[in-house]
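Q: Sequence:
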Amino acid sequence: MTTAIDTPKCLVCDTDFEVQADWEKGEITECGACGQEHEVVEKTDATVRVELAPEVEEDWGE
Numbered sequence: 001m002t003t004a005i006d007t008p009k010c011l012v013c014d015t016d017f018e019v020q021a022d023w024e025k026g027e028i029t030e031c032g033a034c035g036q037e038h039e040v041v042e043k044t045d046a047t048v049r050v051e052l053a054p055e056v057e058e059d060w061g062e
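Note that this note's numbering gives residue 62 to position 62 of the sequence shown, counting from 1, and the numbers run on in steps of one.
It should be emphasised that the hints constitute simulated quantities derived from the structure, not laboratory data.
Each residue gets a CB set at the ideal place from its N, CA and C atoms; glycine is no exception.
Check before you lean on any hint, since a few could be wrong.
Unchecked claim - DSS-like mimics (lysine-lysine), calculated; alpha carbons at most 25 Å apart, straight line:
1. Lys9 x Lys43
2. Lys9 x Lys25
3. Lys25 x Lys43
Said to hold, decoys possible - Restraint ranges, calculated between C-beta atoms of paired labels, are given here:
4. Trp60 x Glu18: 16 to 24 Å
5. Thr15 x Val56: 16 to 24 Å
6. Asp14 x Glu55: 18 to 26 Å
7. Pro54 x Asp14: 19 to 27 Å
8. Glu55 x Thr7: 32 to 40 Å
9. Trp60 x Cys13: 31 to 39 Å
10. Trp60 x Thr15: 30 to 38 Å
11. Asp16 x Trp60: 37 to 45 Å
12. Asp14 x Val41: 16 to 24 Å
13. Val12 x Trp60: 26 to 34 Å
14. Trp60 x Ile5: 39 to 47 Å
15. Trp60 x Ala21: 34 to 42 Å
Please put together the full structure from these sequences, using the hints given.
A: So this is what it looks like as structure tokens:
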């Protein structure tokens, strides 16, 4: 018996993500429809949860 994974949706355009078996917590993935980056914040056998990825800030050598 296999368990279906709850498919996460893009938080911008509401498109379903194609869940990849090798996704890990903390990984950044991009929505195929709108290009928004999301971070995988939870991954179990039954669910994958994503949040908007943090914006990369410039360091300016500080």
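Q: Each hint should be assessed against the structure and marked as holding or not.
A: Here is what the structure says about each hint:
For the proposed pair Lys9 and Lys43, the alpha carbon gap of about 14 Å is at most 25 Å, so the pair holds. With a C-alpha separation of about 16 Å, the suggested pairing of Lys9 with Lys25 holds against the 25 Å cut-off. Restraint check: the Cα-Cα separation between Lys25 and Lys43 comes to about 6 Å, which is no more than 25 Å; the hinted pair holds. In this structure the hint that Trp60 and Glu18 lie 16 to 24 Å apart at CB is violated, the actual value being about 37 Å.
Evaluation of the 16 to 24 Å hint for Thr15 and Val56 yields a pass: the beta carbon distance comes to about 23 Å. The hint said 18 to 26 Å for the Cβ distance between Asp14 and Glu55, and at roughly 21 Å that hint holds. Look at Pro54 against Asp14: about 21 Å separates their beta carbons, and that is inside 19 to 27 Å. At roughly 25 Å, the beta carbons of Glu55 and Thr7 sit outside the given window of 32 to 40 Å.
Checked against the given bound of 31 to 39 Å, the beta carbons of Trp60 and Cys13, roughly 33 Å apart, stay inside it. The given range of 30 to 38 Å is respected by Trp60 and Thr15, whose C-beta atoms sit roughly 35 Å from each other. Taking the beta carbon of each, Asp16 and Trp60 are about 38 Å apart, inside 37 to 45 Å as hinted. A hinted range of 16 to 24 Å holds for the C-beta pair Asp14 and Val41, which are about 18 Å apart.
Judged by the Cβ atoms, the range 26 to 34 Å given for Val12 and Trp60 holds: they are separated by roughly 29 Å. The supplied range of 39 to 47 Å is met by Trp60 and Ile5, whose beta-carbon atoms lie about 41 Å from each other. Between Trp60 and Ala21 the beta carbon distance is about 39 Å. The supplied range of 34 to 42 Å therefore holds.
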